[in-house]
Amino acid sequence: MTNKIKRGVAIYSYSGEYGRSMNLEDCFKDMYDMGATGIEILANSHIDSYPELSDDYLAEWNRLCQKYNIEPAEYGHWIDTRLYKDRDMSLEEAREKLINDFKIANKLGFKILRTKMGVINGELAPVENWREIIKSVLPEAEKYDVIMCPEIHLTTVLADQFVQDYVDFIEETGTKNFGLNIDLSVFQNRFDVPGVVVFNPDSKHSLPEEIIPLLPYVKCIHAKFNKMDDDFNELTIPYPEVLEILKEHGWEGYLLSEYEGEKKDVAGFVSQELRKHHVMMKRILGH
Amino acid sequence: MLESQVIQYRGFHNIVEDGEVVGFQVCVRSDYYRGVWLSQLRPGKLIVDGVTYAKEQVIWEINGKDYTVDELAQASNDFWRITDVATLKVMQKGGLAQGFHDVSVRFAASCSYMPPFLDIFDENGDENSFNGGTYTREKMIIV
Numbered sequence: 020m021t022n023k024i025k026r027g028v029a030i031y032s033y034s035g036e037y038g039r040s041m042n043l044e045d046c047f048k049d050m051y052d053m054g055a056t057g058i059e060i061l062a063n064s065h066i067d068s069y070p071e072l073s074d075d076y077l078a079e080w081n082r083l084c085q086k087y088n089i090e091p092a093e094y095g096h097w098i099d100t101r102l103y104k105d106r107d108m109s110l111e112e113a114r115e116k117l118i119n120d121f122k123i124a125n126k127l128g129f130k131i132l133r134t135k136m137g138v139i140n141g142e143l144a145p146v147e148n149w150r151e152i153i154k155s156v157l158p159e160a161e162k163y164d165v166i167m168c169p170e171i172h173l174t175t176v177l178a179d180q181f182v183q184d185y186v187d188f189i190e191e192t193g194t195k196n197f198g199l200n201i202d203l204s205v206f207q208n209r210f211d212v213p214g215v216v217v218f219n220p221d222s223k224h225s226l227p228e229e230i231i232p233l234l235p236y237v238k239c240i241h242a243k244f245n246k247m248d249d250d251f252n253e254l255t256i257p258y259p260e261v262l263e264i265l266k267e268h269g270w271e272g273y274l275l276s277e278y279e280g281e282k283k284d285v286a287g288f289v290s291q292e293l294r295k296h297h298v299m300m301k302r303i304l305g306h
Numbered sequence: 066m067l068e069s070q071v072i073q074y075r076g077f078h079n080i081v082e083d084g085e086v087v088g089f090q091v092c093v094r095s096d097y098y099r100g101v102w103l104s105q106l107r108p109g110k111l112i113v114d115g116v117t118y119a120k121e122q123v124i125w126e127i128n129g130k131d132y133t134v135d136e137l138a139q140a141s142n143d144f145w146r147i148t149d150v151a152t153l154k155v156m157q158k159g160g161l162a163q164g165f166h167d168v169s170v171r172f173a174a175s176c177s178y179m180p181p182f183l184d185i186f187d188e189n190g191d192e193n194s195f196n197g198g199t200y201t202r203e204k205m206i207i208v
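So the protein sequences, as listed, match chains D and H.
If you're matching positions, the first sequence starts at 20 in the working numbering and goes up one per residue.
If you're matching positions, the second sequence starts at 66 in the working numbering and goes up one per residue.
Take the hints with a grain of salt, since some may be wrong.
[What the hints assert, rightly or not] Using 20 angstroms as the maximum straight-line C-alpha spacing, the simulated EDC-like pairs for lysine to aspartate or glutamate come out as follows:
| hint | chain 1 | residue 1 | chain 2 | residue 2 |
| --- | --- | --- | --- | --- |
| 1 | D | Lys282 | H | Glu68 |
| 2 | D | Lys282 | D | Asp211 |
| 3 | D | Lys266 | D | Asp211 |
| 4 | D | Lys130 | D | Glu159 |
| 5 | D | Lys104 | H | Asp184 |
| 6 | D | Lys283 | H | Asp96 |
| 7 | H | Lys204 | H | Asp114 |
| 8 | D | Lys104 | H | Asp187 |
| 9 | D | Lys283 | H | Glu68 |
| 10 | H | Lys130 | D | Glu159 |
| 11 | D | Lys282 | H | Asp96 |
Just so you know, the hints here were simulated from the structure itself, not pulled from any lab data.
The shape of chain D in the complex, shown without the other chains (with noise of 0.2 angstroms):
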């Protein structure tokens, strides 16, 4: 029987190694040492001919995704709209580069992408053209068989109105290439645990409950955790009862470990961390 709740890894985690001890290959070996079927990578990090696909990257893409036994889960990209130092990108350029993401999203196997949106305040609400950017590349994310997902993370909360604003765009356009990726920081409840990277210790935080109702568009979730004890719990946010929340309604999809706390730069930490999340996720899940 497979998992409806299926466990990868964000590969951003391992970015304090990434070029200098890591390369990709050691990111898929280790994740199939958690027994992690999925990746997320970052387009403008983990793809060395980027913003092109080189022929050699794709045969390598594959090789390792066969080798392993691992998916593309998810295809990490932005919309930076701050491009230029003193103007911000126009639509046509925001366009262009969407579509070239979508392309080399859909050569590697991506359906979904976390698509990262420029913001304008301390609650990380999205431009204000958002809405007509995502509607000038529906037909393209279509056409590609890709879903754009905002990331929905700390200091926003999922009261927040831009949240809703999103899934009254989903609704009012019926769009299916437009959902969310809720990362799990939203449920952070404590900041004052000793090596715990804190941006912000006032930061607001959602009940896990609050998820329920947007989980029919929720397609991808990232399991960002900070601090891991030795007996495999995560100290910071309330995993067993988001968990639970998820295999009670059903939710099927990918759980991408992100580690955000500290140590990044140490080889052979993140590793450590990822395992210890592990299995915390497959106790919870009952894997």
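Dock chain H against chain D, hints included.
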């Protein structure tokens, strides 16, 4: 693979043209977890042994192509990958003397997904920001 420090030992040498030393170069990796479009770069000053070279005096070579800081600001379709170095070049007759040098390089990149008040960088200042700062490596050797 790159060295873990932003300023790399590898690539630090004088530039020789037609048998004459016409300048020096130093290589940096990006300190950001993702590659950026060159127009997102916020290049700043370069300091060697207390001598400051203004950003306009520094040529950035990325993917084999030379850019002035004004050219970087418009290069929105060219990309700097995190697995590649940028080579910073200063044309200065005689280059740097043999021996040890302390080198500082200042730069950042724009980061549209952070609140605007955090995405601020003074190219000529000394403070670190979310997305950049001044990187220093001491005792770099010119052979």
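Now for the hints, and whether the structure bears them out:
no., hint, result
1, Lys282/D <-> Glu68/H, "17 angstroms, holds"
2, Lys282/D <-> Asp211/D, "17 angstroms, holds"
3, Lys266/D <-> Asp211/D, "29 angstroms, violated"
4, Lys130/D <-> Glu159/D, "13 angstroms, holds"
5, Lys104/D <-> Asp184/H, "11 angstroms, holds"
6, Lys283/D <-> Asp96/H, "13 angstroms, holds"
7, Lys204/H <-> Asp114/H, "10 angstroms, holds"
8, Lys104/D <-> Asp187/H, "12 angstroms, holds"
9, Lys283/D <-> Glu68/H, "15 angstroms, holds"
10, Lys130/H <-> Glu159/D, "32 angstroms, violated"
11, Lys282/D <-> Asp96/H, "15 angstroms, holds"
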